[in-house]
Structures are given as C-alpha cells and as structure tokens.
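*Asks:* What follows is the residue order along each chain.
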Amino acid sequence: MSSISSSATPRPAVQPVAIPWRQLQPWLLFGAVLAIALLYFVGTEQGVFHLIGGSSVHEFVHDGRHLLGFPCH
Amino acid sequence: MLSPRSLLIRGMLVGLAAGVLAFVFAYLVGEGPIDAAIAFEEAHSEAAVGEPELVSRTVQSTLGLLTATLIYGVALGGIFSMVFAAAYGRLGRLGPRATAALVALAGFVTVALVPWLKYPANPPATGSADSIGRRTSLYFLMLVIALASLALAIYIGRSQVTRFGLWNAAILGAGAFVAVIAVAQVLLPSIEEIPDGFSPLVLWNFRLASLGTQVVVWAALGLGLGAVVERGLRRESVLSAH
Numbered sequence: 001m002s003s004i005s006s007s008a009t010p011r012p013a014v015q016p017v018a019i020p021w022r023q024l025q026p027w028l029l030f031g032a033v034l035a036i037a038l039l040y041f042v043g044t045e046q047g048v049f050h051l052i053g054g055s056s057v058h059e060f061v062h063d064g065r066h067l068l069g070f071p072c073h
Numbered sequence: 001m002l003s004p005r006s007l008l009i010r011g012m013l014v015g016l017a018a019g020v021l022a023f024v025f026a027y028l029v030g031e032g033p034i035d036a037a038i039a040f041e042e043a044h045s046e047a048a049v050g051e052p053e054l055v056s057r058t059v060q061s062t063l064g065l066l067t068a069t070l071i072y073g074v075a076l077g078g079i080f081s082m083v084f085a086a087a088y089g090r091l092g093r094l095g096p097r098a099t100a101a102l103v104a105l106a107g108f109v110t111v112a113l114v115p116w117l118k119y120p121a122n123p124p125a126t127g128s129a130d131s132i133g134r135r136t137s138l139y140f141l142m143l144v145i146a147l148a149s150l151a152l153a154i155y156i157g158r159s160q161v162t163r164f165g166l167w168n169a170a171i172l173g174a175g176a177f178v179a180v181i182a183v184a185q186v187l188l189p190s191i192e193e194i195p196d197g198f199s200p201l202v203l204w205n206f207r208l209a210s211l212g213t214q215v216v217v218w219a220a221l222g223l224g225l226g227a228v229v230e231r232g233l234r235r236e237s238v239l240s241a242h
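Those protein sequence lines, which keep their order, are chains A and B.
For the first sequence, our numbering begins at 1 and goes up steadily by one.
For the second sequence, our numbering begins at 1 and goes up steadily by one.
One chain only, chain A, in its complex shape (with noise of 0.2 Å):
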C-alpha cells in the first residue's frame, strides 16, 4: 500500500455520484444558518440593526465593510 507510485493512479472516469437529498438537507440548512450568522456581523451589524451597544464592531471591521460592497454608513 505504500508503494504506490503517482503513474499508476487510476484516473476516475466514473460517472460523478451525487450525494442523496435527504443525507444533504441538515448540513445545507446548518451551512446555511452559520454563514448568514458570520455575514451579518462581517455585514451589517451596527448599521441598521445593532445586537451589540455602540459602533465598536463597525469601526474594527470599517475597511472591509467598504471593500466587500457592503452599504456602510
């Protein structure tokens, strides 16, 4: 097994195996939720909305706001 040489990799030619709906559906939705949840703070927190007082988190994350398109004040 460990002398397995690079030319000798079998190419896959197989047909691509898509993964099942029903095995897919929790991890999109948890994707899903976690990326919006690390976006709105990256995004738009302290904007319109606040969850947390005052503007420190707008002002630590200023620049990228700006770079990334976000509407920033």
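Hints listed in this document are in silico derivations from the structure and should not be mistaken for laboratory results.
You may find that some hints are simply not true.
Covered stretches of chain A (in silico footprint by chain B; criterion: 3 or more residues with CB under 8 Å from a CB of chain B, positions within the stretch not fixed) [stated by the list, open to error]: (1) 44-53; (2) 58-72.
What follows is a set of in silico ranges between Cβ atoms, one per label pair, in the way DEER data are often shown [unchecked claim]: (3) B:Leu-187 with A:Leu-51: 30 to 36 Å; (4) B:Arg-93 with A:Ile-52: 46 to 52 Å; (5) B:Ser-45 with A:Leu-51: 26 to 32 Å; (6) B:Ser-199 with A:Gln-25: 29 to 35 Å; (7) A:Trp-21 with B:Ser-128: 26 to 32 Å; (8) B:Ser-45 with A:Trp-21: 53 to 59 Å; (9) B:Ser-199 with A:Gly-54: 27 to 33 Å; (10) A:Ile-52 with B:Ser-128: 23 to 29 Å; (11) A:Val-33 with B:Ser-45: 38 to 44 Å; (12) B:Leu-208 with A:Val-48: 40 to 46 Å.
Values in this document were obtained by computation on a predicted structure and should not be read as measured data.
Where a beta carbon is used, it is the ideal one built from N, C-alpha and C, also for glycine.
For chain A, the structure is supplied; the task is to place chain B on it using the hints.
*Replies:* Leaving out everything else, chain B in the frame of chain A:
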C-alpha cells in the same frame, strides 16, 4: 462518495485561504482609495475632526480588514461547499473541478457582480448617514432578486434540456437570468449621493478594487475547492483499488 460533513470542513478551510488572498488584494489595491476618501471627508466636514477615534486607521486597514475578509471567506466557503455538494453529480458528467468552477462563476455573477452593477460599493465619505436604511434595503433586495433569477434560470434550463439539448437549454436559462436582472435594474431606484468635488478617479478605483476583491474570493473558492475534492476522490479511488 463525498460526505457533506467533509465538504463543509474543506469548504471553510478553502474559504479561510480565500480570505487571506482577499486581504492581500484589498490591502494593496483598496486601501489607497479609502485613505484618499477619508482625506476628502476630513477636509470637508467639521464634525469628523473633533471625534475621538474608536479604532485607529492602522488597525482598521490591517487587523480589522483581515478579520473581515477571513470571516467573510469562511462563511462564503461554508455555504459554497454546500451548494457544491448539491450540484456535484447533478450537472451531467462534470467532475469536481469543473463543477466547483461553474458553481463559483454562478455565485460570483449572482451575489457579487449583479448587486455591484446596480449598487456598487462606496468609499467612506460618499454615503449619507440618513439613507443607510434605504441603501441597505435596496442592496439586499437586489441580492434577493439575483438569487431568485438564478433559481428561475436553473429551473428553465433543467426543464428544457430534453427539448433543446444541454447547450441551448443553458443559453435559454442564462438569457432569462439576464432579462429579469436587466428589467429589475432599470426599475429599481438609483442612489446618487456622491458629494460635489469628490474625485471620480478615487471612486472608480475604489469600486474596481471592491469588485476585484470579489473576483479573488470567488476564484480562490472555485479553483481551491475543486482541487481539494479532486485530490480527495483520487486518493479514495486508489485506496479502494488496492
């Protein structure tokens, strides 16, 4: 077979790398226009001068920018890998690299290019504080319209494959996407708040830097995840062959 769990982890790691690249690009290309815009702001408003700085410019342009691009990269990488997981094996015979590249291209056009065309990123000093609510709503409305148009394009493309073949069905779907976006962008109100005397060159350079940052992020995600998954599958097929 691919597992959603390993794809999510790989997607977030590739996203982390994409965030680093985005930081390098944004720092080198985008910070110049931001500094020029802040200089304009300070020269034209009395209020800003007396305000104490909560976070210094140095921190904003380095640690702050890096934090923002890293979180953005990880979040986008995570959701991107889940869309990839849904698309893989459902796009004809396309392998992992071509699937990831295609999904990234669709993602870039839908969530970055289309909103940028109507409501491009603005440097500091060019937006009115009173209109932040309206500007944010319009930006996200454009984003939602773009995502809905993509869903429509996929639906049209898939439903017409048997009738017109893959190539022509894809053109039909893409055409529907362009048509809906064009109508929406003509009908939605424009935002014109750039103050008099603001350098058009600074504005243009800033907006290009912003779009360029998105190109870097999406290219890194698409090419990176494709390469990682391809390598993983190849290793798996070697192990199962012996």
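*Asks:* Taking the beta carbons of Ile-52 (chain A) and Ser-128 (chain B), is their distance inside 23 to 29 Å?
*Replies:* holds, 24 Å
*Asks:* Determine whether the Cβ-Cβ distance between Trp-21 (chain A) and Ser-128 (chain B) falls within the hinted range of 26 to 32 Å.
*Replies:* violated, 46 Å
*Asks:* Given the hint of 46 to 52 Å, check if Arg-93 (chain B) and Ile-52 (chain A) actually sit that far apart at their C-beta atoms.
*Replies:* holds, 49 Å
*Asks:* Counting residues of the region 58-72 of chain A with a beta carbon closer than 8 Å to any beta carbon of chain B, are there 3 or more?
*Replies:* holds (count 14)
*Asks:* Given the range 40 to 46 Å, decide if the beta-carbon distance of Leu-208 (chain B) to Val-48 (chain A) lies inside it.
*Replies:* violated, 27 Å
*Asks:* Range first: 38 to 44 Å. Now tell me if the beta carbons of Val-33 (chain A) and Ser-45 (chain B) are that far apart.
*Replies:* This hint holds: roughly 40 Å between Cβ atoms.
*Asks:* Are Ser-45 (chain B) and Trp-21 (chain A) spaced within 53 to 59 Å by their CB atoms?
*Replies:* holds, 54 Å
*Asks:* Quick check: does the Cβ-Cβ distance between Leu-187 (chain B) and Leu-51 (chain A) fall within 30 to 36 Å?
*Replies:* holds, 33 Å
*Asks:* Tell me if the beta carbons of Ser-199 (chain B) and Gln-25 (chain A) are separated by a distance inside 29 to 35 Å.
*Replies:* violated, 50 Å
*Asks:* Taking 26 to 32 Å as the hint, is the beta-carbon distance of Ser-45 (chain B) and Leu-51 (chain A) inside that range?
*Replies:* With Cβ atoms ~29 Å apart, the hint holds.
*Asks:* Using C-beta distances, would you say chain B covers the region 44-53 of chain A, given that this needs three or more residues below 8 Å?
*Replies:* holds (count 3)
*Asks:* Within 27 to 33 Å or not, the Cβ separation of Ser-199 (chain B) and Gly-54 (chain A)?
*Replies:* holds, 32 Å
Checked against the numbered hints above, the structure violates hints 6, 7 and 12; every other hint is satisfied.
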